[in-house]
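*Asks:* Using the hints, position chain X against chain V.
Residue-level listing of the chains:
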Amino acid sequence: MADRVRVKPLTPPGHVRAPWYLRGKTGVIERKLGEFGNPEQLAYGHVADPKPLYRVRFSMAEIWGEAAENPHDTIDAEIYGHWLEKV
Amino acid sequence: MPHDHHDHDHLSPSGHPYRQDNDEPLTYWQRMEIAVRELLIEKGQLSPAEIAAQIDAMDARSPANGAAVVARAWVDPGFKNHLLANASEASRDMGFDIGPPHLIAVENTDKIHNLIVCTLCSCYPRNLLGLPPDWYKTRAYRSRAVSEPRAVLREFGVELPDDMQVRVHDSTADMRYIVLPARPAGTEGLTEAELAQLVTRDSMIGTGLPRSSL
Chain V
1 MADRVRVKPL
11 TPPGHVRAPW
21 YLRGKTGVIE
31 RKLGEFGNPE
41 QLAYGHVADP
51 KPLYRVRFSM
61 AEIWGEAAEN
71 PHDTIDAEIY
81 GHWLEKV
Chain X
1 MPHDHHDHDH
11 LSPSGHPYRQ
21 DNDEPLTYWQ
31 RMEIAVRELL
41 IEKGQLSPAE
51 IAAQIDAMDA
61 RSPANGAAVV
71 ARAWVDPGFK
81 NHLLANASEA
91 SRDMGFDIGP
101 PHLIAVENTD
111 KIHNLIVCTL
121 CSCYPRNLLG
131 LPPDWYKTRA
141 YRSRAVSEPR
151 AVLREFGVEL
161 PDDMQVRVHD
171 STADMRYIVL
181 PARPAGTEGL
191 TEAELAQLVT
201 RDSMIGTGLP
211 RSSL
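Line by line, the protein sequences are chains V and X.
Under the numbering used here, the first residue of the first sequence is numbered 1, with each subsequent residue one higher.
Under the numbering used here, the first residue of the second sequence is numbered 1, with each subsequent residue one higher.
Chain V on its own, in the form it takes in the complex (with noise of 0.2 Å):
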């Protein structure tokens, strides 16, 4: 996984834990937390597959743009792996 990513930009049905916020936006791989059951999967009762879980950090000027508090300032968010994209 490289150290810049991109959250998918995408807007499946149902239960998933990609904020939508953060949806489409870039930001840095904080830390690798390993693996975790697919809460999409977990949701409905199903049996979850392992999905790797990672920190990312986004910065605010990333996030809102123009309206950012302060530019530099930061939000990290864990996001599953089959929801990040190289950049």
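Because the hints were derived from the structure by calculation, they are not lab data.
For clarity, every value in this text was computed on a predicted model and none was experimentally measured.
Check each hint, because a few of them may be wrong.
From the structure, some residues in chain X lie toward chain V, with a derived Cβ separation under 7 Å [to be verified]:
1) VAL146
2) GLU148
3) HIS169
Quick reminder that beta carbons are idealized off the backbone N, C-alpha and C, glycines included.
*Replies:* Frame of chain V; chain X shown alone:
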């Protein structure tokens, strides 16, 4: 004022609002909970006393647990390193069962201030801090903590210099977060137990700072 009693229809004689009786039909999940609980008891998997004891244990969790962890990190550099490297393991070593979610501790310094939120729901390090405050679960906090954290912090009385970076941590999946606040200056003479009394709940969420003295 013959007509003003209307305003008091929902107040008890003592002036407090009546609490509504909970005698509505059960919801699906309430029925499910009762059914599963009764089955577990009937089949001898759990006793009512064990269930009550577990509820007691969950209710007993409070920010004092997290404060003990923070105070230990302030006095013991080895423990602090362990906490920042593997907060779940370090907390377990102190006797706190942190449950299945993994814990990450994030350190406040003179250049970095950390703030915890869960924009998707209300993920919170309950095993170390107890139940989350009501505001933590509101849409206002959940949305504003990521869009204007400095304004939120000002409302909590925390004014940060421009050159201090704010790092917001959105608990979107399997991790839970606790802020390791910076040890207040002038507390060199305090014991670990006294230091723990300086550590507020909000200072471990990031919406506050520790007390500066006892």
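*Asks:* Hey, does the X/VAL146 contact hint survive, CB to chain V under 7 Å?
*Replies:* The hint holds - X/VAL146 has a Cβ within 7 Å of chain V, the shortest such distance being about 6 Å.
*Asks:* Is the interface hint satisfied for X/HIS169? The criterion is a beta-carbon contact with chain V at less than 7 Å.
*Replies:* holds, 5 Å
*Asks:* Under 7 Å, Cβ to Cβ, is where X/GLU148 needs to be relative to chain V, so tell me if that hint holds or is violated.
*Replies:* At 5 Å from the nearest chain V Cβ, X/GLU148 passes the 7 Å test, so the hint holds.
Comparing the model with each numbered hint stated earlier shows that all of them hold.
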